[in-house]
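Undergrad: Taking the hints into account, I'd like the entire structure generated from these sequences.
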Amino acid sequence: MMMASYSSEDPYRNYGLEHFCTKYGIPKLDLEKFERKFSLEIIKNEIQDNIVTWIKTDHGKLPFFEGIRDDTLIRENNGKIKVNFDIFNEIGYILSGHLERLTLKEREKIAKIPIVDIYERILFDAIRRNKKIKAKPFWPNGKKFALCLTHDVDEVRKTYQYFTRSIQHIGRLEFSRAFYHIKSFFTDKIYRRNPYWTFEKIMKLEKDLGVKSTFFFLQEDGKVDILRPETWKHYARRYKFSNLEIIKIINKLHHAGWEIGLHGSYYSYKDPEKLRKDKNELEEILNTKIHGIRQHHLNLEIPETWHHHEKIGLEYDTSLGFNNCLGFRWGT
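In my numbering, the protein residues as written are 176 to 507.
The hints are simulated quantities; they were obtained by calculation from the structure and are not laboratory data. Backbone N, C-alpha and C fix where the C-beta goes; we use that ideal spot for every residue, glycine too. Just to be clear, a hint being listed does not mean it is correct.
[As the list claims (entries may be wrong)] List time: in silico DSSO-like cross-link candidates among lysine-lysine, alpha-carbon distance up to 27 Å:
(1) 236 to 280
(2) 464 to 379
(3) 203 to 319
(4) 257 to 309
(5) 255 to 219
(6) 486 to 415
(7) 427 to 464
(8) 452 to 464
(9) 464 to 486
[Stated by the list, open to error] Quick list of simulated restraints, FRET-style, between CB atoms:
(10) 278 to 233: 27 to 33 Å
(11) 218 to 193: 48 to 54 Å
(12) 210 to 376: 50 to 56 Å
(13) 196 to 349: 34 to 40 Å
TA: Structure (structure tokens):
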């Protein structure tokens with residue numbers, strides 16, 4: 176199996192090529208050797224800041240960030256493959272955050288399209304039709320995907336929700352549901368139930384299923400302004416890592432094999448000292464290193480937030496998603 180390093184002259188194309196090769200288990204070659212090995216001719220173009228065109232494909236209409244002269248994206252002839260768009264350049268740019276430059280309207284159009292995955296599938300299918308290749312699946316045992324289970328521990332005690340949800344249901348004329356929340360407030364108090372303390376239930380469920388997850392714990396201290404209702408939630412969601420009950424459950428989860436991560440507080444995405452302080456507190460409780468984080472509300476300032484994470488020793492972040500809709504923020 177031949178392995179070769181990438182040249183540094185074309186970082187976006189090389190990044191796109193590396194991602195493609197890793198995903199499909201193809202030996203990593205530099206761009207020129209890759210094209211020669213698979214009899215590929217790939218059009219080279221400049222990537223634009225905005226969507227230049229949309230082209231109809233077997234996978235639906237796809238956006239492109241370059242001018243494309245031939246709507247047939249892949250042409251195959253006697254074992255030779257011509258790719259009529261700068262595929263690895265497109266992939267490299269998108270995986271580097273290119274979609275963040277788009278207008279909100281453009282991003283909404285493409286949010287539900289896994290652009291990178293489709294680009295790569297189009298090329299891989301063409302190579303497989305023309306060459307005998309042995310590709311090593313990305314996931315072991317022939318699995319098509321992996322599921323990462325996580326829980327954001329925003330709150331550990333039900334408080335204001337009894338009443339806010341009652342009001343919401345009354346506004347929708349759902350009186351029976353409103354009555355349920357009001358009734359549950361009294362019954363939970365009488366029987367000392369806390370419907371938001373579900374750690375043991377989750378542990379049992381996951382143990383029965385043979386899986387383990389990550390719990391991201393939050394220490395919120397965002398300022399509450401009585402004149403700004405959108406800030407009230409910061410008060411209701413507060414619990415301290417130093418609370419004995421929290422310390423016990425964190426250690427119980429950790430010693431039983433669940434991962435503990437940091438759920439960065441609402442404004443911490445732009446406050447590295449707050450991130451450092453909370454991370455240190457969690458690590459003192461666990462007496463071990465914290466590896467991962469998810470920012471509260473998926474708040475990110477790209478790339479500054481990731482620089483903050485790196486400086487305090489975090490290894491991964493799971494915040495890269497939309498906080499107002501479902502979709503593929505970076506194309507995959």
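Undergrad: Do the beta carbons of residue 278 and residue 233 sit within 27 to 33 Å of each other?
TA: holds (28 Å)
Undergrad: Between residue 427 and residue 464, does the CA-CA distance stay at or below 27 Å?
TA: The hint holds at about 16 Å.
Undergrad: Under the criterion that the straight-line Cα-Cα distance not exceed 27 Å, is the pair residue 464, residue 486 satisfied?
TA: holds (14 Å)
Undergrad: Do the alpha carbons of residue 257 and residue 309 lie within 27 Å of each other, as the hint requires?
TA: With a Cα-Cα distance of about 21 Å, the restraint between residue 257 and residue 309 holds, given a limit of 27 Å.
Undergrad: Starting from the hint 34 to 40 Å, judge whether the C-beta atoms of residue 196 and residue 349 obey it.
TA: violated (53 Å)
Undergrad: Please test the hint of 48 to 54 Å on the beta carbon pair from residue 218 and residue 193.
TA: violated (20 Å)
Undergrad: Checking one constraint from the list: CA of residue 452 to CA of residue 464, max 27 Å. Satisfied?
TA: holds (13 Å)
Undergrad: Could you see if the CB distance from residue 210 to residue 376 stays within 50 to 56 Å?
TA: holds (54 Å)
Undergrad: Is the hinted pair residue 464 and residue 379 satisfied, with a Cα-Cα distance of at most 27 Å?
TA: Satisfied, since the Cα-Cα distance of roughly 25 Å is no more than 27 Å.
Undergrad: Please work out if residue 236 and residue 280 have their alpha carbons no farther apart than 27 Å.
TA: holds (17 Å)
Undergrad: Is the straight-line distance between the alpha-carbon of residue 203 and that of residue 319 27 Å or less?
TA: holds (22 Å)
Undergrad: Mind checking the alpha carbons of residue 255 and residue 219 for me, to see if they're no more than 27 Å apart?
TA: Since the Cα atoms of residue 255 and residue 219 sit roughly 17 Å apart, the hinted pair holds (cutoff 27 Å).
Checked against the numbered hints given earlier, this structure breaks hints 11 and 13; the rest are met.
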